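Use these hints to put chain P onto chain U, whose structure you have.
There are 2 protein chains.
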Amino acid sequence: MSKDKQQVSKEITPQSEDFSRWYLDTIKKADLMSYSPVRGCIVFKPDSYEIWENIQRELDRRFKETGHRNAYFPLFIPESFFQKEKEHVEGFNPELPFVTEAGGEKLEERLAIRPTSETMIGHMYSEWINSYRDLPLLINQWANVVRWEKRTMPFLRTSEFLWQEGHTAHEDEADARRETMQMLEVYRDFAENFLAIPVIVGQKTPSEKFAGAVDTFSIEAMMKDGRAVQAGTSHYLGTNFAVAFDIKYLDRENKHTYAYTTSWGVSTRLIGALIMVHGDDKGLAMPPKVAPTQVVMIPIGPAKTRDMVVARTDELFAELKSAGIRVKVDDRIDQSPGWKFNEYEMRGVPIRVELGPRDMDNGVVVLVSRISGEKRIVQQENLVAEIQTMLEEIHNDMFERAKSFRDENFISVDSLEEFTAFLEEKRGFALAGWCGSDACESHVKEVTGATSRNIPFEPAEKKDKCLVCGETAKDTVVFGRAY
Amino acid sequence: MSKDKQQVSKEITPQSEDFSRWYLDTIKKADLMSYSPVRGCIVFKPDSYEIWENIQRELDRRFKETGHRNAYFPLFIPESFFQKEKEHVEGFNPELPFVTEAGGEKLEERLAIRPTSETMIGHMYSEWINSYRDLPLLINQWANVVRWEKRTMPFLRTSEFLWQEGHTAHEDEADARRETMQMLEVYRDFAENFLAIPVIVGQKTPSEKFAGAVDTFSIEAMMKDGRAVQAGTSHYLGTNFAVAFDIKYLDRENKHTYAYTTSWGVSTRLIGALIMVHGDDKGLAMPPKVAPTQVVMIPIGPAKTRDMVVARTDELFAELKSAGIRVKVDDRIDQSPGWKFNEYEMRGVPIRVELGPRDMDNGVVVLVSRISGEKRIVQQENLVAEIQTMLEEIHNDMFERAKSFRDENFISVDSLEEFTAFLEEKRGFALAGWCGSDACESHVKEVTGATSRNIPFEPAEKKDKCLVCGETAKDTVVFGRAY
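As you go down the protein sequences, you meet chains U and P in turn.
So that you can map any letter, position 84 of the first sequence is 84 in the numbering used here, and since no number is skipped, the others follow by simple counting.
So that you can map any letter, position 349 of the second sequence is 349 in the numbering used here, and since no number is skipped, the others follow by simple counting.
Isolated chain U (complex conformation):
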């Protein structure tokens, strides 16, 4: 077993040695993706796609509970649509791929592949919305989108990715702002209570907001190398897209009025965030609620008791399965238990169940936590309840570990020098005052490589001076280097 362990370990670079290398080693060894022959596009192999399916199922349920319905809009967007919202076109034009020929003929107007669908959906909404009775219009789309990125990173930044984009239209600002905040809260709750990823909830600075939004809000997570991932965004679009696409309705006073719109999304980059927040030198560590396999059962012991042990394992497997637990048995004989222990640790399965002949005699099984390594000997007759409890505990454990890590790598600074000194020693976030000027914000970036992540709603403290110019702080901002 120790020999196996060494073999496994040496294939994954330790995080402390080279975090990027660790990430690429891990996703390769865990068989999550393949590079495709198309620049920046990856293949989501079954083990990562299943994570996405679990994310989809849970978010979809939450969207429907909050009154949204799914629809599907075209992949192609006429180039002229992007010209209609000035900031939007500036933000997205550099990343658009264009279809210029189809069916053997040159197209009259180039068609962009959607990078996001505000324009197409805005166009359709102007057709669909006529009266206040049509509002609010609450629609979500699950789709692929493309942004021709210069630098890519599997899951975190790929040219094509999968996401959901909510697009809603409302009678007035208050209702649209309420929706924007509601969906931000759906994302926070989902990240923390489903993915076990603690997030900082706040508003983007003007320079970091979505191209075409009035206000952008985000949840921001810290990876184990101290870098940030924007894990979800919710945009209050005001009447920007309504004016650009003429989304007008007859209001309760019989007047033609512009609708107020929102949009919000999360993407397959959440898979990357899951890996970087929870993984360790053994490989993946999957939070129980999103884990494709929550429990792996491994029968052990000598050949003579094998049939008996496997038979009992299968019985317990059936019990767990019918209780809705995602479980599998590995009873292969051509791999040693030790090899299997390492394999499923590397794949991040939250609980390993071991059952040997002595456990059979005692009516027990051994549960091992992927996260803490804790071994727990439990009665077979209580197995379902014990597993459910332990899964819950592992979720909480993972959340707390991620939160502690973030708190340890999150400094409050009064000056840029302090921030720079911090980054020389550690990697992480800084909480700092900011005067509100673009110049100070971009100066931080030039010096440290860190961007403003967001203006948190609940900062640990209020900072009163700008870290760059020393003037009175307008806001307290989280800065960090981001993926």
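Simulated from the structure, these hints should not be mistaken for laboratory data.
Predicted model only: the values in this text are computed from it and were never measured.
A couple of the hints might just be wrong.
[Stated by the list, open to error] Derived EDC-like pairs: lysine to aspartate or glutamate, alpha-carbon spacing no greater than 20 Å straight-line:
#1 K375/P - D280/P
#2 K64/U - E50/P
#3 K106/P - E109/U
#4 K328/U - D280/P
#5 K29/P - E11/U
#6 K29/P - E108/U
#7 K29/U - E127/P
#8 K328/P - E65/U
#9 K29/U - E50/P
#10 K150/P - E108/U
#11 K106/P - E101/U
#12 K84/U - E108/U
Then chain P, alone, in the frame of chain U:
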């Protein structure tokens, strides 16, 4: 109420007057889709997308039960990939849109938007498959695909559509053929027992098979205008794509051997088929298992008993909902019961539940079938069971009606003249002998507009002479005009 009925009816052209008009009227009135500004691309509005979600959920379950897992492959396919399989490129090249510019630069190699993914997946499989231990490889993808169609029809033929494509690789021909047949049977069972669409199962003639397949099998359905829709296909690809993409593995004798592959798919055209098989002059008629709303409850009676009736309706609603029935209540006061009856008939909801003050006194409710119009007075205390029974009966009823219709419009012919005479009077399918020559097959098409749908596995009878040349029949074929 009769006034309302007339108003509704006059907006949908009767099927007998103009079937295409009926179809377009119905999908517009039922709010299923919008035309988009991009040629041939439609928007799937929530009421049609929900049908697709129900199709997806059920098929996905069946695919997983048969050992398949989902993955996701890139949208873009390098043009050179299409050149590798000669028949494939000839079949698909005329329909490909190409991305030629991205991120402000001209691409070195043009990228096709996938019309189907055999080539991309073949390329990846050649990387993934090394040993017989890697086989069978059983993967499915849910995705959008694009085929730049000259003539389009909402749902049935759109430039972009949604589908699933299964792609599997096997050690030998026998295993690949077994998979091909298994998935064809999954489709047949799904069409008949979930969508209530009777289908003809058989093999495509060589001229109608998938570009690059050795053999193509299909399920074919008859619409209410007598035309055919190919509702699903399963392809045995032999080693065609394995040779083109070098999918080789080390077999059990340690020799490098080509894998045998299959592919199979169904698409959002099933939504069109559902509408055209089951709909009638009132509008949509949704088979219970796929219907987004299975039951609509409408409280009736005068204002003074209204609160009491609505309260009881809500209680019964909660019971149905917790039994897993997709139910909704329409208790709006600004629309009359008669208007609502017509509205939900037009939307195809299988069962309407009416509850009025007299029903309250008697402890009953009235159930009305969308299909037969049958009214059934049932005890409120048995409502869940009564609804479940009636949904099952409606499913069977719809299947039998569709089957009778097909049988009535399905003639056995000995000559092309007989077929032509039949088509002058009616519209439908013909069963006929065929010598096996492309010439006779295309002659049928020239004269009648009908193509060979497939060579059914279980024809009603075996025909012994070719309908065109009169020579000995090689096969008994179903001919029909197709969408």
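**Request:** Give me the numbers of the hints this structure contradicts, sorted from smallest to largest.
**Result:** Result: hints 4, 5, 6, 9 break, sorted rising.
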